[in-house]
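Enquirer: Its first residue numbered 304, the sequence shown is counted upward by one per residue in the working numbering.
Certain hints may be false.
Unchecked claim - Simulated restraints, written as ranges between beta carbons of each label pair:
| # | residue 1 | residue 2 | range |
| --- | --- | --- | --- |
| 1 | Ala355 | Glu392 | 33 to 41 Å |
| 2 | Gly452 | Ala354 | 24 to 32 Å |
| 3 | Gly444 | Thr353 | 15 to 23 Å |
| 4 | Ser330 | Arg398 | 17 to 25 Å |
| 5 | Phe338 | Pro451 | 16 to 24 Å |
| 6 | Thr350 | Ser434 | 30 to 38 Å |
| 7 | Glu331 | Met376 | 31 to 39 Å |
| 8 | Gln351 | Gly452 | 26 to 34 Å |
Bear in mind the hints are in silico, worked out from the structure with no lab data behind them. Glycine included, every Cβ here is placed at the ideal spot set by N, Cα and C.
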Amino acid sequence: MMRRPLITLLAASTLLAALAPARAQNSEPPQAWLFGAWTGGSFPAPTQITAATCLAQPTVIFTRDVVLRGTLMEATYEQRLVATARATESGFEFRFEPAASPPAENGGGLLGLPGGGQPVAGGAGGFGCESADLLHVERHGENEITFPGCEDFPNPLVRCPAS
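Construct the complete structure from the given sequences, taking the supplied hints into account.
Expert: Written out as structure tokens, the structure reads:
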């Protein structure tokens with residue numbers, strides 16, 4: 304049985320512990336910094352906002368596979384399934400799965416909403432950009448983004464605070 308000095312084992316375990324967070328970070332997609340809730344965009348974002356106020360009705364929510372968009376006229380969020388996310392010089396370009404039209408249901412769903420009151424996957428609209436299936440995101444810092452060229456979002460969006 305070969306015995307290794309304790310110092311060598313400690314050095315190896317310290318190195319592995321240091322590499323573990325790097326491996327965990329590498330498992331996230333490059334656009335992971337966007338994940339979470341954002342407010343503003345269609346209106347100027349408040350300068351002072353609490354997490355509770357912001358999270359009560361965020362404007363846009365980014366997840367790994369879906370981007371959700373809230374509007375003033377609808378109680379549910381429009382969901383767009385991400386087909387691809389490509390890094391650009393100033394942020395990301397999202398291409399969405401083609402927009403699907405809401406399924407017809409015997410006169411509509413709950414309260415006349417399509418899909419029984421549930422958000423329609425693949426949503427019928429976009430973000431007011433040149434294409435409903437495209438979204439450019441420009442990063443202006445850790446907590447501010449814009450959607451250049453998107454009429455529905457003339458103002459910057461800010462990340463909802465965690466607490």
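Enquirer: Look at the Cβ atoms of glutamine 351 and glycine 452 and judge whether their distance stays inside 26 to 34 Å.
Expert: holds (29 Å)
Enquirer: Hint says 15 to 23 Å; check whether the CB-CB distance for glycine 444 and threonine 353 agrees.
Expert: holds (20 Å)
Enquirer: In this structure, is the beta-carbon distance linking glycine 452 and alanine 354 contained in 24 to 32 Å?
Expert: The hinted range 24 to 32 Å holds for glycine 452 and alanine 354, with Cβ atoms some 30 Å apart.
Enquirer: Given a hinted range of 31 to 39 Å, is it respected by the beta-carbon distance of glutamate 331 and methionine 376?
Expert: holds (34 Å)
Enquirer: Is it true that serine 330 and arginine 398 lie within 17 to 25 Å of each other by Cβ?
Expert: Holds: the Cβ-Cβ distance is about 22 Å, inside 17 to 25 Å.
Enquirer: Is 30 to 38 Å right for how far apart the beta carbons of threonine 350 and serine 434 are?
Expert: holds (33 Å)
Enquirer: Regarding phenylalanine 338 and proline 451, is the given constraint of 16 to 24 Å on their beta-carbon distance met?
Expert: Because 21 Å falls inside the window, the suggested range holds.
Enquirer: Taking the beta carbons of alanine 355 and glutamate 392, is their distance inside 33 to 41 Å?
Expert: For alanine 355 and glutamate 392 the Cβ distance comes to about 36 Å; the hint holds.
The structure is consistent with each of the numbered hints, conforming to all of them.
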